[in-house]
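Guided by the hints, dock chain B onto chain A, whose structure is given.
Quick mapping for you: the protein sequence lines, in order, are chains A and B. 1 is the number of the first residue of the first sequence in full-length UniProt numbering; add one for each residue after it. 1 is the number of the first residue of the second sequence in full-length UniProt numbering; add one for each residue after it.
Do not take every clue at face value.
No distinction is drawn between identical chains; accordingly, a pair holds when it is met within one copy or between any pair of copies.
What the hints assert, rightly or not - Taking lysine-lysine pairs in the DSSO-like style, the calculated list, with each CA pair at most 27 Å apart, reads:
hint : residue 1 : residue 2
1    : Lys568    : Lys229
2    : Lys229    : Lys22
3    : Lys396    : Lys431
4    : Lys280    : Lys568
5    : Lys184    : Lys122
6    : Lys642    : Lys618
7    : Lys396    : Lys22
8    : Lys340    : Lys568
9    : Lys22     : Lys400
10   : Lys568    : Lys279
By construction, these hints were calculated from the structure, which means they are not laboratory data.
Listed below, chain by chain, are the residues.
There are 2 protein chains.
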Amino acid sequence: MSTCPIEPTPFNRVALEQLLGKRFFYAPAFSLYGGVAGLYDYGPPGCALQANVLDLWRKHFVLEEDMLEVDCSIMTPAEVLKTSGHVDRFSDWMCKDLKTGEIFRADHLVENVLEARIDGDKIARNAPVEAKGEKDEKKKKKAAKVQAVRLEDETLQTYKEILAQIDNYSGPELGELMRKHLIKSPETGNDISEPVVFNLMFASSIGPTGQYPGFLRPETAQGQFLNFKRLLEYNNDRMPFASAQIGRSFRNEISPREGLLRVREFTMAEIEHYVDPQKKNHARFQEVADYKLNILPASVQLQGKTDLMEITVGEAVAKKIIDNETLGYFLVRIHQFLTKIGINPDRVRFRQHMANEMAHYACDCWDAEIHTSYGWKECVGCADRSAYDLTVHSNKTGEKLVVRERLPEPLVEEKLILEVNKKVFGPRFKKNAKAVEDYLASLDQCTLETLKEAHDSKGSFNVDVAGETYDVTNDLITKFEKASITTHIREYTPNVIEPSFGIGRILYALMEHVYWIRPEGEQRGVLSFPPLVAPTKCLLVPLSNNEAFIPVLNRVSALLRRSGVSNKVDDSGASIGRRYARNDELGTPFGITVDFQSVQDNTITLRERDSTKQIREKIEVIVDLLKEMCEGKTTWAEISSKYPAFVSQEVNE
Amino acid sequence: MSTCPIEPTPFNRVALEQLLGKRFFYAPAFSLYGGVAGLYDYGPPGCALQANVLDLWRKHFVLEEDMLEVDCSIMTPAEVLKTSGHVDRFSDWMCKDLKTGEIFRADHLVENVLEARIDGDKIARNAPVEAKGEKDEKKKKKAAKVQAVRLEDETLQTYKEILAQIDNYSGPELGELMRKHLIKSPETGNDISEPVVFNLMFASSIGPTGQYPGFLRPETAQGQFLNFKRLLEYNNDRMPFASAQIGRSFRNEISPREGLLRVREFTMAEIEHYVDPQKKNHARFQEVADYKLNILPASVQLQGKTDLMEITVGEAVAKKIIDNETLGYFLVRIHQFLTKIGINPDRVRFRQHMANEMAHYACDCWDAEIHTSYGWKECVGCADRSAYDLTVHSNKTGEKLVVRERLPEPLVEEKLILEVNKKVFGPRFKKNAKAVEDYLASLDQCTLETLKEAHDSKGSFNVDVAGETYDVTNDLITKFEKASITTHIREYTPNVIEPSFGIGRILYALMEHVYWIRPEGEQRGVLSFPPLVAPTKCLLVPLSNNEAFIPVLNRVSALLRRSGVSNKVDDSGASIGRRYARNDELGTPFGITVDFQSVQDNTITLRERDSTKQIREKIEVIVDLLKEMCEGKTTWAEISSKYPAFVSQEVNE
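Excised from the complex, chain A in its bound form:
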């Protein structure tokens, strides 16, 4: 049902974009005012598609896994994002054309120029250049010019290796590459500045006096972390558990490009799954262990290669290619979700981040990348944020963000115990006594062992507290020896596995994957959305404007609405063929025609979009069949094998 029934015609991005604009799936925002790069509005079909995909996301993740959904503030005090590391590190490298002042994202510039050189080399060697769908003149202008210049074999190899790990370079490294490979401003040929860091958050200030700086959140995650204690309590203190959030985030991209793929404002759906760092297994892992994924580990990319590995998630975890069961479980669930909404599974891969490319908070990360006419694009990230976020917020605010678990049986440990003589301690260190005492109380066993050596051998040890050194002589210590300590409670900071979905990117990739051109007659575009996510499920078409059809139409429409099948009546004067063509473009999977026979015998025809085949049955039967197909309980293939095909004499396309 979701794959088109005929060989797809070669993909034509310009034609797809025209269709999406004409039918108002989405459009550049503020275009009356000349538009703003990276901001888009969704029209009725795009908005409905998004709502259906989010609804499925909620069922697939939140309900199925009993997650705790929250809805948090977008405006965020600067202090929170300072602590989380975003103020210092959530940035890209930008550089400037030194004469025109035009601004580039440094990695994109290197990528564009080297790709253009490789294409130029291919032309010089008479090899075919891979079509990128870049037929749009405006876009072509932005890309680096392709000139037919043959490269040295060695140079070509170097360029390919750079491109394979383009996401792995720091700003200074990108500057080094630009100098070494003589990369200039693509249009002007002018020199380019050294890359400088640019923070991607939109800044504002809160309150009437303007003294309270804030940022628009760049991800929905921080709101979830800050509510960790409340959520754990809401979950009756049980572990593991997950919170989830669907909402808008903002990134002030240096150079938004590629339509919905790189924008400044976007809807995300994020899950924060909290686990015991000692138990990253997953209760339902066995259900998915045999599921096969196409993966691209970091180690392969670091060799300058991009070959995919097909492997079951069970084997990948066993071989430690994927670190743990929980991460593996979510990779499969992500893949299942993408497939369910209509993404072509052959065009999904999981790519592991390389060390430099990883976000500052992540210790491991796998991206679900979807193949589009722009290449492989990250659409879902699945990061192991370890205990990073809870730890930094806890350290900053002094609030414990931990799980306390009663141990199944008490834990008895031999531990070094250090007790100070308060009577002497106070007079000796005066106002600093408390700080030194607190410091000593906070030391781990390993440090204590070291101090104990000095204590035993030299009669004193030194500690550095807040920039000063204190000599702690043995007369200050009443006890410094091993003792048996019994613990009933284990306290730990949970680790976080975070699947994070860029909804706009997924929607765009989906629209590319389901698009094809019907070759019969005048070529016309079709969007073969699966019924589950199609913006409208059914079109109702009266054969003509004859008033006799109206009561039947109203009845069918009401019955469908009651069954939760969204539908639209098209009683415009256009021919039925033209109405169906409009509908192909809107991706409506089913069409019902009401004709004179309907008025007489209560039957209607049901037409399926991709095959254009029809059946004819009683109204009630058709409504039930539609409901089942739209809920994913049966398919057109099943139905068309059971009911006889109907060839209408009245309905000509």
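Leaving out everything else, chain B in the frame of chain A:
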């Protein structure tokens, strides 16, 4: 079902707020960092409640009325909001304590101080002071101090009249009131500055160079207006039609207060209904004409009164109290929506805005106000924005935002026609010739009549174009006379009726309306949400941790999920009574108990929250009943009259 079965205990806001915090309906955002006034996070039950209310909103408005839903950008270029008038006029008046620098919203300050004086007067007269639920110490501190001082009768009357129209004063008028009535800083008694204007939009800047100023949208409306042309086309050029949008908006309130009622970031649901200004009737008005509303027209308020008028919407429109049918139709639909989600209809009124209070874009406005412990609060605005927005954007951008309608029969009019002699015109006015010509072409009939007089009598007329005066002598004119003009197309700018919902305010009012305290045993709070909007529909409780119950529980849970009835299993060790108490607080309308009998005979008990009554039937029967109640197709009252009450021996509360 939605009203509590017993006399409500006196409303206790502190207890409600404790419950809402404890069960994480919502909580102050960033509280780990000390919090930020006016920013809140919704926890799992609040988030689910909001999702259910929005889902109903979508069904009640978007689907039922076939509206075009869009999802637009929040970040908005400054130019757009300059044109819409928000940069210049979307503001409140603020004033400062001249010594401490504390900032107040000027109207709130006057209101607080006068209300405190009236309360003080009541104490001095030994009259009861209306309880406002202000038991929270922190809040009390912020309010003006109440001192038992008796006022002159005349002063008391003046204060009441001021308060009745507090929303109608401009900044200078508020300053005048403060001087006249000696209003000082409530806590310090210091003098207060004159009110100054403060723009309520959050500012930011877009792009890497920081030269492109933007604001976070203060309403979702502008995105809809800017897409008017696309939407009209999507609607096959048919009128009237409506667009709708659900999304976040931002207002940098001077002093956020009253919990969810005045916040800096909030979810809105807005409808822009486009109508022909000559046909503001509504096709479905007759369906609602007999619906009664409680209204408070502007004329009554201007007399310093707040008496409500109960009137059918048909009569209110006939008497021109409500301007037109479309406005009246939406007031009823708003009232129906509020009642459906559980708002007490006796605590809803429609208040018309007074002239000064109206937003800059509105020509008439009715607020649906809901009564809460904070008084009557605007929760839905229903404004007639006339052609304001489309006109200003069209004028600014030069893009026609109009409807073109083929007239049923051609319109023939006698019109004055002015034609210039281009051969003479050019040489005479040189580089300004085009501007003068364009100006003449743009003139309306009335102006042309005046010029024609001078043309006929003096042999020339003067026009002012771009600051210069031009003498247009008769030799420049080839034709200036009446002619018969036939028009086939009528072109007009539609008017906009805008129902605009503050979702957070509605949710808070709802939580107040459905809250009561169960008097039996230890007092415990109940939130009697109607099943349609309750965060979770059904609690599943096994009698104990016995493993025999697990398969039955799983089966019931799966059946309910398949029927779309959200449910939670509570298999914690707590007593059944305690589990039901927790559930009362979460507002879950139904509870199912699985006991040993269930394992034997496939029956379960179903308990209703408000009555605590139970019935016992086969699993399949109970699941069907629940589905029907949660979809609003039947009620507990109907069911409990059909099925025998079950009194459990095993389940003690």
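These are the hints, each one checked on the structure:
1. Lys568 / Lys229: between (46 Å within a copy, 21 Å between copies)
2. Lys229 / Lys22: between (48 Å within a copy, 12 Å between copies)
3. Lys396 / Lys431: within (24 Å within a copy, 68 Å between copies)
4. Lys280 / Lys568: between (48 Å within a copy, 25 Å between copies)
5. Lys184 / Lys122: within (21 Å within a copy, 80 Å between copies)
6. Lys642 / Lys618: This pair counts as within: shortest intra-copy Cα distance 15 Å, inter-copy 34 Å.
7. Lys396 / Lys22: between (51 Å within a copy, 25 Å between copies)
8. Lys340 / Lys568: Answer is both; intra-copy 24 Å and inter-copy 26 Å each pass.
9. Lys22 / Lys400: The answer is between: 19 Å across copies meets 27 Å, while 54 Å in one copy does not.
10. Lys568 / Lys279: Between copies only: 25 Å across chains, 51 Å inside a chain, cut-off 27 Å.
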